[in-house]
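Visitor: What follows is each chain in one-letter form.
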Amino acid sequence: MQELVLIQPVRAAEKEFAQEAARAALRREFEERLAECGPLAYRVARGVLRNNADAEDVAQEALLRAYRRFERLRDRGRFRAWLVRIAFRLAIDRLRSSKRREVRETLWSETLPRPSTEDLAARSEFQAHLDRALEELPEKHRLVLLLGAIEGHSLEEVAEILSLPVGTVKSRLFFARKQLAEKLRCHVKTIEKR
Amino acid sequence: MPCEDYREALIEAAAVDARLSPALRSHLDACAPCRAAFVEETQLFAAIDIGLRTAANAEVPASFLPGVRASLPDDTASQRGWRPFLIFAAAAVAIVLTVLVTARLPHTINDNQAKQIFSAPPREKPEASARGEARGTPAIVASSRSYRMPHQRNTAPASSPSSNAMDVLVPPEEREAFARFIGSQPGRSGVVIAVVAGAADNKDKRLSVEPLEIAELEVKPLEALASERSDGTYEEQ
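Chain order of the listed sequences is A and B.
Start counting the first sequence at 9; every next residue gets the next number (the working numbering).
Start counting the second sequence at 3; every next residue gets the next number (the working numbering).
Heads up, a few of these hints could be off.
DEER-style ranges, computed between Cβ atoms [to be verified]:
no., chain 1, residue 1, chain 2, residue 2, range
1, A, 132, B, 22, 26 to 32 Å
2, B, 22, A, 160, 26 to 32 Å
3, B, 72, A, 136, 34 to 40 Å
4, B, 212, A, 37, 50 to 56 Å
5, B, 64, A, 136, 25 to 31 Å
Far from chain B, some chain A residues (derived; all Cβ distances over 10 Å) [said to hold, decoys possible]:
no., residue
6, 81
7, 100
8, 162
9, 175
Note that these hints are calculated values from the structure, not bench results.
Keep in mind the model is a prediction, meaning the values are calculated, not measured.
Heads up, the beta-carbon is just placed ideally off N, CA and C, and yes, glycines get one too.
Please put together the full structure from these sequences, using the hints given.
Guide: Structure below.
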């Protein structure tokens with residue numbers, strides 16, 4: 009048996025128009041957040057990866073992911089913290105995969121291009137040691153250090169971004185710096201050379 | 003080498019960059035190795051902080067934000083792009099399902115059992131049926147097959163009891179009324195088409211329209227264009 013169903017095209021068009029307007033508003037809101045928090049995502053990625061091109065890739069991917077899930081984010085005030093976590097997680101993943109790739113390639117080929125003397129000279133020796141020491145830190149300490157080092161971030165802001173009590177952030181920061189100091193103490197002489 | 007008792011206190015003081023305790027300050031004033039160690043520790047932590055800030059505050063490339071903006075997917079366009087495809091897919095699935103269901107409908111009723119030959123009631127118009135048979139007009143066959151099965155209904159009953167029989171679809175409860183109707187049509191023995199639909203039981207039911215199905219017309223050669231009536235007049239058929 010066939011049934012006749014009355015379709016109201018005007019109402020459907022109105023609904024579609026409203027949906028389109030909502031999507032446009034959402035995009036506008038995201039673009040505002042992008043201008044505000046995009047650089048932070050880049051800096052977090054750059055802080056982990058120490059490479060501009062990789063950092064740009066990772067930050068872009070983090071922002072795209074954030075955009076796709078933006079509609080489902082209930083508390084838009086948490087966007088900054090949410091984005092930092094996405095960017096940090098992606099950067100850590102990228103770092104690990106590039107290290108795995110490096111190890112694999114080293115196993116298969118001993119004729120890999122080594123960093124040139126110019127490259128090595130370009131980076132200060134102490135900075136290289138610091139990068140290495142940072143990679144060995146636990147992730148939770150590394151993120152606190154990174155966010156604390158980004159200009160304009162007070163302890164309270166870092167605590168807010170990470171949804172942690174200020175006391176926890178303080179203690180993590182203290183232990184992270186102490187761990188770094190222990191790893192780098194033998195390189196104090198290089199500081200004096202600089 | 004700093005004094006072992008003050009070693010940890012010196013590191014912690016350098017790490018937190020806080021004001022020194024009076025006890026530590028007086029010791030540093032008195033102990034040169036500890037003073038040197040404290041300066042070294044302070045330099046180390048300062049170097050760590052500078053290194054962290056350098057790494058963390060790298061300049062964002064000018065092309066970064068415009069690049070991200072350009073790569074944001076246009077949801078509106080993508081959803082519009084999907085909509086026609088979804089409609090097409092849904093229509094295709096509906097057509098395939100309809101074909102499959104129609105092809106697999108079981109023939110629940112045997113044609114031979116279902117068919118009943120009706121003739122006009124003799125008590126009402128005995129001469130009409132007699133005349134019709136005498137003239138070789140087709141008998142009317144009422145089938146109880148559902149009129150919702152068009153492919154069954156339209157098949158010509160080649161092996162039916164009478165090759166002259168015509169299929170007319172009549173719901174079982176209306177067969178008697180239909181037979182009376184046939185009997186009341188003395189002069190029209192050619193083709194009878196009846197479209198029967200059940201009356202709506204409930205007025206509040208949703209409006210539904212049965213697909214109009216018309217049985218295939220079977221055209222028979224007329225034996226005589228006109229036949230003479232008993233009273234001598236001519237009647238067109």
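Visitor: All hints, please: hold or fail.
Guide: Cross-check of the supplied hints:
1. A:132 <-> B:22: 26 to 32 Å: 30 Å, holds
2. B:22 <-> A:160: 26 to 32 Å: 29 Å, holds
3. B:72 <-> A:136: 34 to 40 Å: The hinted range 34 to 40 Å holds for residue 72 (chain B) and residue 136 (chain A), with Cβ atoms some 35 Å apart.
4. B:212 <-> A:37: 50 to 56 Å: 53 Å, holds
5. B:64 <-> A:136: 25 to 31 Å: Because 28 Å falls inside the window, the suggested range holds.
6. 81: 15 Å, holds
7. 100: Its Cβ never comes within 10 Å of chain B, the nearest being 15 Å, so this holds.
8. 162: 14 Å, holds
9. 175: 14 Å, holds
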